[in-house]
Amino acid sequence: MIAGGIVSLREALQSLKPMERKVAEYILQHPSEVVHLSVQKLAELAEVSEATIVRLAQSLHYRGFQELKLKIAADLARNKELKDTYQEIQMEGPVASLIDSVSHNNMRSIQDTLSVLQADQVERAIEHLTHAGKIALFGVGASAVIAQDFKQKLTRINRWCESAYDFDSQATIAANLREGDVAFGISYSGRTEDIVQSLTIAKESGTTIVSLTKFGSNPVSELADIRLFTSSLEQSIRSGAMASRIAQLNVIDILFVGVARNNYEENIMSLEKTRQAVKISKRYE
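FYI, the numbering for the sequence shown is 93 to 377, going by the numbering used here.
The calculated PhoX-like cross-link candidates involving lysine-lysine, where the alpha carbons are at most 20 Å apart (straight line), are:
(1) Lys245 <-> Lys226
(2) Lys114 <-> Lys133
(3) Lys243 <-> Lys226
(4) Lys374 <-> Lys245
(5) Lys365 <-> Lys245
(6) Lys371 <-> Lys245
(7) Lys243 <-> Lys365
Rather than coming from a laboratory, the hints here were simulated on the basis of the structure.
Given only the sequences and the hints, what does the whole structure look like? Please build it.
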């Protein structure tokens, strides 16, 4: 994606090493200035080494400082058209304001996620999910809802998959996975211990690990062979996991359509068969 520099910096800030965080904070405070600076001048202004700036770019999965600058410049251009931050959801006031705030945050979360979601990683995830012997979906709390949604979608196209939402269930499934299977760990923070331990068990058997976490370094993504990232900078307890959940569901929809379009005719038949199977439960006038 062209944009995403500012989003990446904000998302990864707390997981960066101290000197990398120092230059990241400088960039976030002076983004318009930084896009016109050389690596040497930025190092001087931020009081860090040039090597630190290069390492920062690499930590953000960019090829170098020039790519980071291009993405920051694209962010600045985009933010002239978009509201720059997530809106605080007010508990009082007109319903129209509530509609605007929640909808804005959800749309912003998806837009920011497109900035940090790497197409090559999505392509690899689709390929492995398509050809997996078994698919295990792990999520806890709000992420369990995402796992359940993906299970329902994959089941409709006749993919063998299991979902588990507590450690004992996850560990039991993980222990029986093998090479050629996929273990998909979903954790917005990337620090859910149950997910870390379950994926570790699966990895020991040669299972392909796919992660879906917020952008940045975290224990879940570090275990993964394929790393998918979302973005949601909402901080208020009032917002809960709303915008981040929408971003995760959007990624799941992308993966599902990607898997479904492989063996398209067969999958369309499966979708129709399952639609007919549940049709009896629908009431029609």
